[in-house]
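Hey, can you work out the whole structure from these sequences and the hints?
Protein chains: 4
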Amino acid sequence: MQLDKNQIKSLNDQALPDHRESFEYLSQRLIHQNLEVEKLIQKIQDFQVAIPSWALGTGGTRFGRFPGGGEPRSLEEKITDVGMLHALNAGSGAISLHIPWDIPGNVEKIKALATANGLLFDAVNSNTFQDQPEQELSYKFGSLCHTDAGVRKQAVNHNLEVIRYGEMLGSKSLTVWLADGSSFPGQMNFRKALQRTLDSLKEIYAGMPEDWKLFVEYKPFEPNFYHTVIQDWGTSHLLASQLGERAFTLVDLGHHLPNTNIEQIVATLMMQGKLGGFHFNDSKFGDDDLTVGAMKPYQLFLIFNELVAGMEDKQSTNPSPAWMIDASHNLKDPMEDLLQSIEAIQLAYAQALLVDRDALESAREDNDPVFAQEILQAAFRTDLRPLIAEARFQAGAAIQPISVYRKLEVRKQLVLERGSKSQATGL
Amino acid sequence: MQLDKNQIKSLNDQALPDHRESFEYLSQRLIHQNLEVEKLIQKIQDFQVAIPSWALGTGGTRFGRFPGGGEPRSLEEKITDVGMLHALNAGSGAISLHIPWDIPGNVEKIKALATANGLLFDAVNSNTFQDQPEQELSYKFGSLCHTDAGVRKQAVNHNLEVIRYGEMLGSKSLTVWLADGSSFPGQMNFRKALQRTLDSLKEIYAGMPEDWKLFVEYKPFEPNFYHTVIQDWGTSHLLASQLGERAFTLVDLGHHLPNTNIEQIVATLMMQGKLGGFHFNDSKFGDDDLTVGAMKPYQLFLIFNELVAGMEDKQSTNPSPAWMIDASHNLKDPMEDLLQSIEAIQLAYAQALLVDRDALESAREDNDPVFAQEILQAAFRTDLRPLIAEARFQAGAAIQPISVYRKLEVRKQLVLERGSKSQATGL
Amino acid sequence: MQLDKNQIKSLNDQALPDHRESFEYLSQRLIHQNLEVEKLIQKIQDFQVAIPSWALGTGGTRFGRFPGGGEPRSLEEKITDVGMLHALNAGSGAISLHIPWDIPGNVEKIKALATANGLLFDAVNSNTFQDQPEQELSYKFGSLCHTDAGVRKQAVNHNLEVIRYGEMLGSKSLTVWLADGSSFPGQMNFRKALQRTLDSLKEIYAGMPEDWKLFVEYKPFEPNFYHTVIQDWGTSHLLASQLGERAFTLVDLGHHLPNTNIEQIVATLMMQGKLGGFHFNDSKFGDDDLTVGAMKPYQLFLIFNELVAGMEDKQSTNPSPAWMIDASHNLKDPMEDLLQSIEAIQLAYAQALLVDRDALESAREDNDPVFAQEILQAAFRTDLRPLIAEARFQAGAAIQPISVYRKLEVRKQLVLERGSKSQATGL
Amino acid sequence: MQLDKNQIKSLNDQALPDHRESFEYLSQRLIHQNLEVEKLIQKIQDFQVAIPSWALGTGGTRFGRFPGGGEPRSLEEKITDVGMLHALNAGSGAISLHIPWDIPGNVEKIKALATANGLLFDAVNSNTFQDQPEQELSYKFGSLCHTDAGVRKQAVNHNLEVIRYGEMLGSKSLTVWLADGSSFPGQMNFRKALQRTLDSLKEIYAGMPEDWKLFVEYKPFEPNFYHTVIQDWGTSHLLASQLGERAFTLVDLGHHLPNTNIEQIVATLMMQGKLGGFHFNDSKFGDDDLTVGAMKPYQLFLIFNELVAGMEDKQSTNPSPAWMIDASHNLKDPMEDLLQSIEAIQLAYAQALLVDRDALESAREDNDPVFAQEILQAAFRTDLRPLIAEARFQAGAAIQPISVYRKLEVRKQLVLERGSKSQATGL
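Just so you know, the sequences run in chain order A, B, C and D.
For the first sequence, position 334 (counting from the first letter as 1) is numbered 334 according to UniProt numbering, and the numbering increases by one without interruption.
For the second sequence, position 383 (counting from the first letter as 1) is numbered 383 according to UniProt numbering, and the numbering increases by one without interruption.
For the third sequence, position 171 (counting from the first letter as 1) is numbered 171 according to UniProt numbering, and the numbering increases by one without interruption.
For the fourth sequence, position 323 (counting from the first letter as 1) is numbered 323 according to UniProt numbering, and the numbering increases by one without interruption.
Hints listed in this document are in silico derivations from the structure and should not be mistaken for laboratory results.
Don't take each hint at face value.
Since the list gives no way to pick one copy over another, a pair counts as held whenever it fits inside one copy or between any two copies.
[Stated by the list, open to error] Heads up, simulated DSSO-like pairs for lysine-lysine below, C-alpha to C-alpha not over 30 Å straight-line:
1. K140 / K407
2. K140 / K412
3. K192 / K43
4. K153 / K421
Here it is, written out as structure tokens:
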């Protein structure tokens, strides 16, 4: 299914009077702070976050899965779903494929469908953390780090194949997340495992087209429960440094030990020109993969505060990072979850754009933590929802995306179309 | 399959000379410390830990599952597997069933099989954290705490049914672990959810035979990632207190926030006469469900130090707790994993029996932490492996269980018998 | 020193036009949501948070202390400082004394001074976690839990003395925070220590006037690093239940293990009628004692969401809790830190008052986590700073407290008056 | 005071018969495992751990300090105390000085005293985390990272001065631990702070003699509670890499977020040739600075397992790390605490030496976590106390150090000599 632009327009018309009023008030306040509202809107519109192809279905935990209905049954339906999101919020104009879940059959048709939905193909993702039915060797004890050269070769080849698919579709980067590690003390030789991982990554790096980038993700635990080969940003950075200048670290918000200062990691990586990508989600306990901004919206703002500072730094050699949502939708309708996530991202980004950086640097020079906090919190406390809504509205999307989604009964139609027992590939 | 006692005996004969030597040396040292070796052996033999019926198969994570072969395909095969464990270590003489995974078809045959394997039926476990194929209402949003009275009723009835099965088999207690909770702020009314849970538990409690006990388990998170209705021992204790004198708290080692002093919780509960059961496993990050003693053997010893102190306290009104292993075997052969777990439990228990309690209390009265630590560590550092081996040997089991298991090529035979793709029910 | 009301008024006059505009806009929006603005303002004004007497000086860590200047040298100067805060924000109309740091010499003069500053005397606090110069027995190894009956007696007597001081000044409650515990496994008998603590608290409880309440605080660690006798809310609740109906649990935000769901604890305690008091601060790693709202403002809002729900529940038997800030001011001017803290508290409270509770309960009944989140975040994202400013303004305080504090150069004058090396008693 | 060698000998004579028996039994078992007992003893004797000069006094927390008596009042007395430790355990033959607490007055006398006590001077430590009475500029807002070039210069000069003192005494390395960071979001510019720290460290590095090494310590939090400039090994390694080949990372056991796999960090650093030093202690919650091995002895063993693997690797370019105890002695007699710590270190080291590395590598190649665990735990469970005692005995030290310390009533004599109120410099 596809959303009818007229329906969105008609619902926007109803919301418009109220929106106009609040946006006008906000505009005045922002202008009063010497902010250029149109530039803010432009930046918000330019900030596009990729949706991973598997995120359109119901996720689960090791204890169970409670599927909703109407999940996409094919890559085509996944693209359609992301297209609907983008039509609603004008902020999710890219899709990030996971191979082997999303092997494109007819490449040209897939590309045309994406274009029709206003979508680009972002980073492609390999998967060596599961065994596929026809797979020759098992990844039970690792992939790129495996003691068996045959398994490593198989995993390297898989990554090279993923690159080939990505090339066909116009992707320009490969994200490697490795579950490799061990669950028991003694099980694995830390140093050999890291060395083998580096060697395997070198082969993959060598197999990338010259204009591609490699993103090396890290994670402290899960699915392994004692040791993960790439356990932290330090290890990822070590590997990326040794791989070459087109290798970067990818930060996933949920992949940190309790209490980690993630915004500092972001700042350090951008300072080194090595932040390649960022995966959004939220969490309270571990890699909970919850809706972005559902748990710690202030932390999200602080991270954006560093991202914006890094992006606005003219000295910086850091490329523009790849943005993706990486959450699991166990209880919420995945589409609604993603709409909430994008809104939270846009709000945090806009708040960070509001920060008076000159005043902040001045407070820092003066060692004035009280005033520095006032500056940050003034930005954070400002209600920027009308600004985000206006950015959407000007881009032809919905003023109130979730409300529209519900009023149009999208899920109901998807269930009718796809059935209540459809299961997204890869879940 | 069943283990041939003669084969165990023959392998014991080979191990005997070396064992004799080390056991004799250890005996002398223990006697020198005024310990009665035969009483220690008796206590170790009396300490039986239940094996949960689902633990005989390969576990997994939300990211995947890498099955080994030869998993039990039926309750009968599960009982046989536990029987083999018990034949090897004489320490796992009970099985704990999970309904609906283990509904006994022919009760008398099941009971006879258990008896033949030297096994008792420990606590039965209900499951309202998953939806079963034919289930009418879903537990997606909770069971005993659900907003819908119909779901609560269904969950209560399921528990009552579990009790009925348990009665048939000779169980005397019901363990209730609830995944109930919410993953997002706002999703659930904390107070109402707790009240509904209490009300539902009251119905279950009322439905128990008069000689049964109810164990209320707690867990801080997973599968819910914001709020779990019974999040900690305090909440479990609150419920157990309000339910009645046959309701108790059950402690699972892995169900705690980082850095929790679990041994203190054990001590407090025993002091209140409210520790009903204990689930063994080990972990580094969350509810990792690793082999007991694989990660923090000293913590395990400290917990046993409290358990022994509580059990030896003649003033205590606490019943003898129900012991069960509650681990997931993702990478190891489940049988070997369980053999290692039982050995770790027996060692920690024996170490705790070694503690010179009079000297310890005296050091405590003197506020002498140096000497108190010396006393505990003296017990912990003593190599008690020969004592455990002797306890096994005297009970007709294997001096070296894992070695025997491997030499007899048990797994190979199980795969031959059951196939390499068999999957234990419930996984 | 005292603040000149005319100066505040004059600075308010400057801020007024801008404030008027934003308040009027906000009022309209709130009215549009069927909220009664004047009632909201009244509630905000009624919400008074006590300032602990020691919070007016520079705090420190075990690594060092970097004192600012102008710290209060006496109880009188502490009262004056809190009076200034209250004059600025009309939200900190109480002081909470710590004995022996704040023994009132001339009770009548102290009371008159407080009255002149518009201040009440909130809960009094005992201190048995430090040794005082003339103290007979040491608390090195505990106080109310000590193995030595003499130490326990001394600690009980100290608490009774604190009550006497509190009675003279008009306090109606005693807060007991115990550092009691042990730093090494084995050092202390958990069960005996808890029993002795209960027995000691019973003596204190018996010594309270009939209209007094006893607040039992808990904390997982620090200054003891293995075991704290009252380690969590469960233990505190156990003690409070056994003490009597005028004993309650006190929750300090910073006293929890990583990732604890504190709002759930608050809800459970209010449900039991056992939440006696609440200490505000913020933290990232441990008991960091940072400015309220500086780190996790959304968590603060979620806690207030439960507090408001509990307070508005007409069935509830929970008394109105005692509110206090409990932070340490190591880097910021303590007065500015407290002004930021009060503002953060008021904002979170006001946001919680904004929550559409009927809609929220309805979403909960429907198991609609998406909409429940929308409702909460709609309240949280609303910029309520003008409402708080208006509440202050109507109460005769400053529209912009920190700005006024800085423009009036209060710290500079305090340093002139008290010197740059003055040290607040108790630090 | 100094220990009378004859008294140690006489007490050894009493302990000898029992020791002989257990050592002989252990020797046989070890020989049986193809281990060369004399080589093990030699390695244990060669493993010398430095005692920091400030560790001889009673530590404290921000809540208070409960001094014991007889604390050393001067550098001379500190050296004497370490000398006594070394006489008792023959394992602490070095002292690590902290400037400005331990500025040597008469260098030649100090050196002679150390030599007489069998002690070397290990790494020297600078202190820019506190303000000293006569200090011109404050470190309240940082030192090497400070916004003010004057403060940075002062801090650099202090480090250069520390190097000068170290040179005089024969030290060959400088340990830099920086408390630098911020406690509030916004307070500090992460990137500038890191850049300034690097620039300052470059100046210090340039000021070291050519045969010196620089150790860069890291810590996630405390005394700053939001951001620490060198927050983790990744940041330390980044700095050390950019400084030069004589700059290394120093790992302090207590300086990690909850659940960190520290042994993996050790392995990675040794693999990069960048592990410069190691600080021993133990902890449950944060940087608790407890007795080594008091809380997690198995983790200590796993760390030593990596250290030994790294040290025995002939390909490794990593220098021999500097070993130091870095604990705080709040409740125990500092001397006894250090004796327990050294024993725990020696035991863990000896256990790691026992690991059958060929078998372990073979199990790893086979992906056999069960057997790998058996190998590690076989080493860990072996009671090696007699081996450590023998290593001490052969080196002329005490078979039972703590017992001797108590029987000789050392503390009592120290109190007589130095008084019950003496306070070690720096505490």
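Copy assignment of K140 with K407, given that the CA separation must stay at most 30 Å = between (46 Å within a copy, 24 Å between copies)
Classify it for me, K153 with K421: is the Cα-Cα distance of at most 30 Å met within a copy, between copies, both or neither?
-> This pair counts as between: shortest inter-copy Cα distance 26 Å, intra-copy 37 Å.
How would you classify K192 and K43 at a CA-CA limit of 30 Å: within, between, both, or neither?
-> between (45 Å within a copy, 26 Å between copies)
Identical-chain pair category, K140 with K412, by Cα at 30 Å = Intra 39 Å, inter 19 Å, cutoff 30 Å: inter-copy only.
When the structure is compared with the earlier hints, no violation turns up for any of them.
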